[in-house]
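The hints should help you fit chain U onto chain C, whose structure is shown.
Here's the letter readout for the chains.
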Amino acid sequence: ILNVEQSPQSLHVQEGDSTNFTCSFPSSNFYALHWYRWETAKSPEALFVMTLNGDEKKKGRISATLNTKEGYSYLYIKGSQPEDSATYLCAFKSNTGFQKLVFGTGTRLLVSP
Amino acid sequence: NAGVTQTPKFQVLKTGQSMTLQCAQDMNHNSMYWYRQDPGMGLRLIYYSASEGTTDKGEVPNGYNVSRLNKREFSLRLESAAPSQTSVYFCASSERLNTEAFFGQGTRLTVV
Chain C
1 ILNVEQSPQS LHVQEGDSTN FTCSFPSSNF YALHWYRWET AKSPEALFVM TLNGDEKKKG
61 RISATLNTKE GYSYLYIKGS QPEDSATYLC AFKSNTGFQK LVFGTGTRLL VSP
Chain U
1 NAGVTQTPKF QVLKTGQSMT LQCAQDMNHN SMYWYRQDPG MGLRLIYYSA SEGTTDKGEV
61 PNGYNVSRLN KREFSLRLES AAPSQTSVYF CASSERLNTE AFFGQGTRLT VV
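Residue numbers (this note's numbering), protein chains in the order written: chain C, 1 to 113; chain U, 1 to 112.
Same shape as in the complex, but just chain C (with noise of 0.2 Å):
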């Protein structure tokens, strides 16, 4: 069973501050690492998939980086805006059958203006 841990659990955050998750994943048979963000009553979206060991991706004021050799990666978000509110989920994709993605439980930010 693979297991994909994400810490913290939940933040809650100040409008422009900014923050970080950890994303942790089995370092051996690395395919993929992707990023989700879901919001309340909605439907989880795709901010990142990344592939490669030292991959960085931006997006906005949202970034990742991975390291598949520990097996971590890191989300950031740069001066955060209540809109930023919501649960972040990542997910690993294993080399090995049919590289099914495998969830963390999320963190959960909110961020109070």
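Think of the hints as simulated: they come from the structure by calculation, not from any bench. Wrong hints could be hidden among the right ones.
[To be verified] If you want the footprint, here are the derived chain C segments under chain U, 3+ residues with CB under 8 Å: (1) 40 to 51; (2) 101 to 113.
[Unchecked claim] Listed next, the in silico DSSO-like pairs over lysine-lysine satisfying Cα-Cα at most 27 Å (straight line): (3) U:LYS71 <-> C:LYS42; (4) U:LYS57 <-> C:LYS42; (5) C:LYS59 <-> C:LYS42; (6) C:LYS58 <-> C:LYS42; (7) U:LYS57 <-> C:LYS100; (8) C:LYS78 <-> C:LYS58; (9) C:LYS58 <-> C:LYS100; (10) U:LYS71 <-> C:LYS100; (11) U:LYS9 <-> C:LYS42; (12) C:LYS59 <-> C:LYS100; (13) C:LYS78 <-> C:LYS57; (14) U:LYS57 <-> U:LYS71; (15) C:LYS100 <-> U:LYS9.
This one's a predicted model, so the numbers in the text were calculated from it and none came from an experiment. Glycine included, every Cβ here is placed at the ideal spot set by N, Cα and C.
Below, chain U without anything else, positioned relative to chain C:
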């Protein structure tokens, strides 16, 4: 372009009843998935279909069956609903193995 469409959005069943959750995607994706989401747990894979004509079990397949009717449609059936199947169900699809998954809006199912 609707993306991934799930029906129904809400459903209440009595224990022992059966029902089918419908999912269709209009993005010509090869792979489709059914997940369930429960409080405190991540999205757990119930069944998946790597391509048209194939289906396979995920992490939590017991109590469910699926049909990949064609490339567009992937349905999930509960033959005899149980309270433990109360959950939010998400259908998703992806084009290739290393591309992102697109999710439907979810079905909130309650079994009483």
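Each hint tested on the structure:
Closer than 8 Å: that is the beta-carbon criterion, and the stretch 40 to 51 of chain C has 7 residues meeting it against chain U, so the requirement of 3 holds. Coverage of the stretch 101 to 113 of chain C by chain U holds [criterion: at least 3 residues with CB-CB distance below 8 Å; count 6]. Of the pairs offered as hints, the one joining U:LYS71 and C:LYS42 holds, with about 25 Å between alpha carbons and a cut-off of 27 Å not exceeded. With a CA separation close to 26 Å, the supplied pair U:LYS57 and C:LYS42 stays within the 27 Å bound.
The straight-line distance between the Cα atoms of C:LYS59 and C:LYS42 is roughly 20 Å, inside the 27 Å bound, and the hint therefore holds. Of the pairs offered as hints, the one joining C:LYS58 and C:LYS42 holds, with about 23 Å between alpha carbons and a cut-off of 27 Å not exceeded. A hinted pair counts as satisfied when its Cα atoms are at most 27 Å apart, and U:LYS57 with C:LYS100 qualifies at roughly 11 Å. A hinted pair counts as satisfied when its Cα atoms are at most 27 Å apart, and C:LYS78 with C:LYS58 qualifies at roughly 11 Å.
Under the criterion of a C-alpha separation no larger than 27 Å, the hint pairing C:LYS58 with C:LYS100 is consistent with the structure, at around 24 Å. Of the pairs offered as hints, the one joining U:LYS71 and C:LYS100 holds, with about 18 Å between alpha carbons and a cut-off of 27 Å not exceeded. Under the criterion of a C-alpha separation no larger than 27 Å, the hint pairing U:LYS9 with C:LYS42 is consistent with the structure, at around 12 Å. Distance check on the hinted pair: C:LYS59 and C:LYS100 sit about 25 Å apart at the alpha-carbon level, within 27 Å; holds.
For the proposed pair C:LYS78 and C:LYS57, the alpha carbon gap of about 14 Å is at most 27 Å, so the pair holds. Straight-line distance between C-alpha atoms of U:LYS57 and U:LYS71 comes to about 18 Å, which keeps the hinted pair within the 27 Å bound. With a C-alpha separation of about 25 Å, the suggested pairing of C:LYS100 with U:LYS9 holds against the 27 Å cut-off.
The earlier numbered hints are all upheld by this structure, with none contradicted.
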